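**Q** Respectively, the protein sequence lines represent chains L and W.
Under the numbering used here, the first residue of the first sequence is numbered 9, with each subsequent residue one higher.
Under the numbering used here, the first residue of the second sequence is numbered 4, with each subsequent residue one higher.
Don't read these hints as lab results, they were simulated from the structure.
Model, not experiment: these values are computed from the prediction.
Don't take each hint at face value.
Stated by the list, open to error - Dumping the calculated DSS-like pairs for lysine-lysine here, alpha-carbon to alpha-carbon at most 27 Å: (1) K331/W x K127/L; (2) K331/W x K56/W; (3) K221/W x K185/W; (4) K279/W x K185/W; (5) K70/L x K331/W; (6) K363/W x K51/W.
As the list claims (entries may be wrong) - Some chain W residues flagged as far from chain L (calculated, every beta-carbon gap over 12 Å): (7) W9; (8) E48; (9) M117; (10) G120; (11) D243; (12) L292; (13) A330; (14) R332.
Positions of the beta carbon are idealized from the N, C-alpha and C atoms, including for glycine.
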Amino acid sequence: MAPLIVCEDLWKVYRVGDVEVQALRGLSVTINEGEFVAIMGTSGSGKSTLMNILGCLDQPSKGRYQLGGVEVERLLPDQLAEIRNQRLGFVFQSFNLIPRTSALENTQLPLMYRGLSLKEQRALASAALERVGLKGREHHTPTQLSGGQQQRVAIARALVTSPSLLLADEPTGNLDTRSSDEIMAILEGLNHDGITVILVTHEIDIAAHAAREIVIKDGHVLSDRTVHDRAHS
Amino acid sequence: MPTFVWLTVVTALRILQRNRLRAGLTMLGIIIGVGAVIAMVSIGEGAKLAVQKQIASMGANSILIWPNYTVVSGVRGSQGVVITLTVADAIDLKKKIPLLTETGWSRSGSMQVMSGGRNWSTTVIGASPSVLSIRDWAYSSGGPFTQTDMDTAAGVALIGQTVVDNLFEPGEEPVGAVIRLKNVPIRVIGVLSPKGQSPSGSDQDDVVMIPFSTAERKVLGTSFLGSVGGVFASTDRTEDVFDAVEQIREVLRSRHRLQGNRPDDFNIRTQIDVAKIQEGTSETLTGMLLAIASVSLLVGGIGIMNILLVSVTERTREIGIRMAVGAKRLHIMLQFLIEAMTLSMVGGGIGVLFGVTAAKLTSIIAGWPTIISGKTIMTAFGFSLVIGLFFGLYPANKAARLNPIEALRYE
Ligand SMILES: Nc1ncnc2c1ncn2[C@@H]1O[C@H](COP(=O)(O)OP(=O)(O)OP(=O)(O)O)[C@@H](O)[C@H]1O
Ligand SMILES: [Mg+2]
């Protein structure tokens, strides 16, 4: 298994007024292609900070981050945008769908920035929505969908580009148990198809879906263990 | 990229439709600006064409000289008492000034003209035959009188369309008919082509034109033989008109023995002067309206910028989402630029409708001629586009420079 993610000595320092907050303190981790990783840890331990860096939304203050062989930390904003568009899918706790815009159009969004024709966008987006079980809801706007359905739209948007890495920061944090199970089933399915999935969660039974569990504390890895061997090669 | 642009335009229109009132208020400046530009240019162009037509109707290179009776009160008291401009002056001008192709002279007066049972009060002009060519009169039927008519003080006349309409039945042939001026029988030998209103607003077709000698001796009468109401001259080329005017002044001052700084006892006006006055007023008006329009467009542009800045703030999170799924800076920039341009284009479009309506209403209500040209509309519309682009640039750039993670966290 080739390493997809290699992080070495990552630091992230926020400065709020005179106070310096060290969100990451020399965190190192390697994640292979096809893994299903759960990241856990107390609130404020730096999980979201790490996810944002892994998702190329933010950059570390110090340290090395290699994604699929590319040194990410020195890239320009537009190059990061390119990577986000081509290789990554991101699912947020708060769904982050564009309001008053249909599920289909939300799902099309990454494809539009890829420059695909409208026909291709529609076809791929419809297929992605069907995959997350939202066939027939293509023209609903976020307010016309339940929380679980909104999160499924967000997953459809993340998987529509066939990314190699799917990052989900507490995707079930705002959902009830049933919706959470549905979301987890979808993520497991995606991982089964070979997509590397990294998931942040507070819930042990959610983390149990993953093959590897990394616990973060005060900005560095506290423990890293393989729970059971479900990762795909 | 074309798909992206097209989809963004659709999105922009949707947002605009969602915030109709806000968009409407934002576009008001552009609407007023574009509307004002179109109305103003249409009216201005119409007025210009009307003036040009009038000038052409007066003979573009013609020069008019008329006596100034009130130069020294008491001495030159009233018309007909002291004679300042004569046939001899006119003939001498032609002889001494080679620039002048022709000179003519005329006298006029108001008079009743009769034909059959009808009569009509009109202006009778006694003119030398050359006046007809200097003033570019054309004939809708018949033809001009000649030097022989002049020499013999023949009872012949050319009549204008207004006189024809008032003296003759429709379909009746005026040429060959005999009309009466002060009981003097006069045969109509031609009908003058209609010229319409003069720049001063009088009806140039309400006229009976007869040979000068006939007017002097039989119709209008005179207290001094050879006294004229006006002398007409013309040059070959328009650029010679001003030189000719100077030379005319010199010749007349010397003939009239006006020495030193004694004022002229005559007035000279050229069609170019008339045109200048007209153009001057219309240019002032145009300038004022253009200023209003520019201010309005500027205010409109600032309005667009303002609403876009609000929009960028309101939609910070959306910008973050777009960036998170791979929008590059150019995409974000284009999105807001397209929104700005959509606003200004829709505003411009409504402005065009308003402008055209205003111009049409002006021409109907005030009776002013207006010319609505495609070029004007395209220019005004194009201008509104440029305004949108220019004032959209700053907010668009501001949006594009947002940091994705900060934009996503924005509450
Ligand atoms: N933009 C920021 N500015 C300043 N400090 C920040 C910022 N973002 C995060 N932090 C700080 O960094 C630390 C780690 O935050 P992070 O969001 O990564 O925690 P987390 O592990 O995701 O917590 P939670 O489980 O509550 O989501 C926290 O102490 C937080 O206050
Ligand atoms: Mg978090």
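**Q** Now look at each hint and say whether the structure bears it out.
**A** Now the hints, each set against the structure:
A hinted pair counts as satisfied when its Cα atoms are at most 27 Å apart, and K331/W with K127/L qualifies at roughly 22 Å. Simply put, K331/W and K56/W have alpha-carbon atoms about 59 Å apart, too far for the 27 Å limit, and the pair is violated. Annotation: proposed proximity of K221/W to K185/W holds, straight-line Cα distance about 9 Å (limit 27 Å). At most 27 Å may separate the alpha-carbon atoms for a hinted pair to count; K279/W and K185/W exceed this at roughly 40 Å.
At roughly 24 Å between alpha-carbon atoms, K70/L and K331/W fall within 27 Å of each other, so this suggested pair holds. Of the supplied pair hints, the one linking K363/W and K51/W holds, its CA atoms being roughly 17 Å apart against a limit of 27 Å. Against the 12 Å criterion, W9/W falls within the reach of chain L, whose nearest CB is about 8 Å from its own CB. Its beta-carbon lying about 44 Å from the closest one in chain L, E48/W satisfies the requirement of being farther than 12 Å from that chain.
For M117/W, the condition that its CB be more than 12 Å from all CB atoms of chain L holds, with the nearest at approximately 83 Å. With 12 Å as the threshold on Cβ separation, the claim that G120/W sits away from chain L holds: the shortest Cβ distance comes to roughly 82 Å. With a least beta-carbon separation of about 67 Å from chain L, D243/W lies farther than 12 Å from that chain, consistent with its non-interface assignment. Distance to chain L confirms L292/W as a non-interface residue, since its nearest Cβ pair spans about 41 Å, more than 12 Å.
At the 12 Å boundary, the C-beta of A330/W falls inside the reach of chain L, the nearest C-beta of that chain being 5 Å off. A beta-carbon of chain L comes within 12 Å of the beta-carbon of R332/W; the shortest separation is about 6 Å.
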